[in-house]
Amino acid sequence: MSMEQERDLTKRQMIVCDHVSKTFYTKNTETKVIADLNITANENEFLVLFGPGQCGKTTALNVMAGLETATSGTVTVGNEIVTKPGPERGFVYQTTALFPWYTVMKNVEYGPRARGMSKKERRKKAQYYIDLVGLGGFENSFPNQLSGGMQQRVGIARAYCNEPAVLFMDEPFGHLDAQTRYLMQEEIIRIWEKERRTVVFVTNNIEEAVYLADRVIVLTNCPTRVKKEFIIDLPRPRNYTDDKFLNLRAEIQDVVDKTL
Amino acid sequence: MKNKAKQKQIAIKILATIFSFLIFGLLWEMLVRFSDVGRVMPGPLETLQSFFEHFTEKYSAYTLPEHVWRSLRRVLTGYFFAAIAAIALGILMASYKTIDAIVSPLFNMVRPIPPVAWIPLAILWFGINDGSKYFLIFWASFLSMVQNVYAGTKSADPKLIGAAKMLGANDGHIFLTIVLPSAVPYIFSGLQLGINSAWAMAIGSEMIRSTDGVGWLIIRGMDNNNLLQELVGILAVGIVGFALASVLRGVEAKLCRWNKRGT
Ligand SMILES: Nc1ncnc2c1ncn2[C@@H]1O[C@H](COP(=O)(O)OP(=O)(O)OP(=O)(O)O)[C@@H](O)[C@H]1O
Ligand SMILES: [Mg+2]
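Protein chains in written order, with numbering that gives the first Met the number 0: chain R, 0 to 259; chain G, 0 to 262.
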């Protein structure tokens, strides 16, 4: 057992995927999307799942969040086995899943409102997270009046505002332009450092993975399983052109090339 | 800048509308004056003049606005209950599989029957007077609304429902905050179809048997060979139909502000 793994054991495990598999059954086909997934995420860790397109990343995240049920195996978050969606877990979607008929404010306060928090209290909380993601002044805008990057910020604020123990983020910057994407990567780390949570972040962008992660888990093609994991022990804020950064990136790329 | 461009657009639209009415009126007037059409058709100016005269002058017992009001009262009563029933049934069918399974076959059977086919039975069941009219208006608009409500209730994006569940919403809250808002645009196109059918049925049923209302006015014009009266009635039907549709569109625009792009 390596030094790093030993160190990990002393931390509290927040998410445990234990032999999770997922097969979709349709009329006359079955698609095995997840072969056998064993993943743990520690408390307040920024864990990145890195895998090729269509390998089953969204499916894996959906199972962990409770939006899909595993065909076999269990997911535990905190001390509870996940069986259905619930507010202890937050989800940021790959493409925007904002409620188009609600303003930014009403989107962000949706969770607290659904759970019966008083208007005054939830407004205050929502305002805090709206400001945190840098959308102060846009409280009364509707989602379709915002740019893609701003919509993702609303999605992040909405997930955070419910104060879940863990956050799942499914390629939230996947469809942003390169410039905005870099900016959002910086922002998400700033927010995470301010509001510590366990984050499981999915991406198919290797640079993004190394920039964000405490630990990167490389997934194989469909049906997916864990190929290898990398501890990213670089100080933050990170520099995309730093030697160590580039070395790690190359190292991961190497593994990816071999597994495909 | 943006505002100015918008104002200009509106100005052009208004001018174009006036222009098209003028052209139409001119052609109409010329046809009436210089061809045989004049024998079966009064001119536009004459029609307009008679239209305004009958704001104070009576056709039979009532002035034109009073006739319009009588027709409107029938439409709005029948339509109001039809809208409530259609929204309730549409939502129930879309939400509960058992209700859907029981009601759908019946509904699919009666839906292709044009509402006018029920006129004789309606008169037998609900009387020759307002009873049968209310029923026919109700039925005609109900039929054209249920399906839209049903489709709208089914239209909610499963991803948004999932997102709401992830945020801790229960079924009731999801219905109010996700399913209903998704259905609103569909419900409004249903309401729009419904008001058209209701208005058509009101005029139609007044033509069959009535002592007042715009439908009666038109049919009376025919009986008396009073072309002017017919045309005035038709004009009133058009204006009221347009007004009803516009009111609905206005309410929809208010409720569905999020559906529009830009500010
Ligand atoms: N509900 C479903 N029924 C059947 N097959 C499904 C279903 N959901 C996903 N799949 C299949 O599972 C595979 C993986 O899908 P998934 O969306 O999890 O991959 P992904 O890695 O998130 O892809 P992307 O990189 O495009 O985000 C795909 O081939 C897809 O067709
Ligand atoms: Mg995906």
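Certain hints may be false.
Derived BS3-like pairs (lysine-lysine); straight-line CA-CA distance at most 27 Å [to be verified]: (1) G/K253 with R/K105; (2) R/K31 with G/K5; (3) G/K5 with R/K119; (4) G/K253 with R/K26; (5) G/K158 with R/K83; (6) R/K105 with G/K96; (7) G/K5 with G/K158; (8) R/K123 with R/K31; (9) G/K153 with R/K83; (10) G/K153 with R/K26; (11) G/K5 with R/K83; (12) R/K118 with G/K253; (13) R/K193 with R/K118; (14) G/K158 with R/K26; (15) R/K124 with G/K96.
FYI, nobody ran anything at the bench for these hints, they're computed from the structure.
Exercise. If any of the earlier hints don't hold here, list their numbers in rising order.
Key: 2, 3, 4, 6, 7, 8, 11 and 15
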